[in-house]
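**Q** Sequence:
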Amino acid sequence: MFLRTGLMQYGSIYGHGAYLGPDFTADYLNRSATLVRDYYGGEKSAGAGDRTVGDYRVNRYDETTGTLVWSDAQAAAFTELTRHYAGLLGSPDGKQGLRPDAVTDPEEIHDVTAYFGWTAWTAAAERPGHDYSYTNNWPSEPLVDNEPTGHTVTWSVLSLIFLLVGSGALFAAFGRWNFLGWHRRDHRELRFHALDRVRLTPRSGPRRGSSW
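Numbered per the working numbering, the sequence shown spans residues 1 to 212.
Quick caveat, the hints were computed from the structure, so don't treat them as lab data. Cβ coordinates follow ideal geometry from the N, Cα and C atoms, glycine included. A few of these clues could be false.
Distance windows between CB atoms, simulated [to be verified]:
#1 195 with 174: 33 to 41 Å
#2 165 with 16: 22 to 30 Å
#3 67 with 16: 23 to 31 Å
#4 60 with 161: 16 to 24 Å
#5 174 with 50: 54 to 62 Å
#6 165 with 200: 54 to 62 Å
#7 110 with 150: 35 to 43 Å
#8 161 with 75: 25 to 33 Å
#9 41 with 87: 33 to 41 Å
With these hints in hand, go ahead and build the complete structure from the sequences.
**A** Pasting the structure below:
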C-alpha cells in the first residue's frame with residue numbers, strides 16, 4: 001500500500017525515497033518516543049527517560065509466533081500517531097508534493113502507520129546477541145539512546161572516500177586517453193573530396209522559352 005499510493009515519491013523509509021515529506025522511520029521514532037516519555041511522566045519524571053529507552057531498546061519479538069509485543073505506552077503512542085498520519089496523508093490540500101487525499105481509508109491508515117512503527121522498531125530494538133539495532137542504530141534518536149555505531153560511521157566515511165576516488169579516477173582516465181573520453185569528437189578530421197570525383201547535380205531552372 002505504501003508503494004501503491006506513491007508515498008515513496010513523497011517521503012522516505014530509512015532515508016531511502018523522496019525528500020519532499022519526512023523520513024517516516026525517523027519521524028515515527030521521534031514522535032512515538034516523545035509520547036512514550038510523556039506517558040511515563042515527561043521530562044520532570046526521573047525514571048521516564050530510562051523507561052522510554054527500555055521500551056524501545058529491549059527486543060520483544062517472539063520468533064516462534066512471529067509476534068512483536070509493544071508496551072502499553074507504545075500502543076497508546078501508536079493510536080495517537082494513527083490520527084496524526086491520517087491528517088497528514090489524508091489532507092485535501094496536497095502540500096509539499098503529496099497528492100490531495102492520498103490515503104483516506106481508515107484500514108490503510110492503520111496499516112501504513114503500523115509499517116512506520118515497524119521500521120522504527122527495527123531502528124531501535126537491539127538485534128539478538130548484539131547491543132545495536134537491526135539497522136546499526138540508524139536513524140539515530142537520543143530519546144531512545146539510539147546512537148550510530150562505529151561501523152556505521154566507518155563505512156559511511158569509506159563509502160564517501162571510494163566515491164570521490166572512483167570519480168576522480170574515472171575523469172582522469174577519460175581525460176588521459178582520447179578513445180575513452182569526450183575529446184574523440186573534437187579530434188575528427190575534416191576531409192574534402194577531389195573535384196574530379198564530385199558528381200554535379202543537374203541545374204534546376206525554367207525551361208527554354210519560358211519567362212521568369
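**Q** Taking the numbered hints from earlier one at a time, note which ones the structure violates and give those numbers from smallest to largest.
**A** Going through the list in order, the structure violates hints 4, 8, 9 and respects the others.
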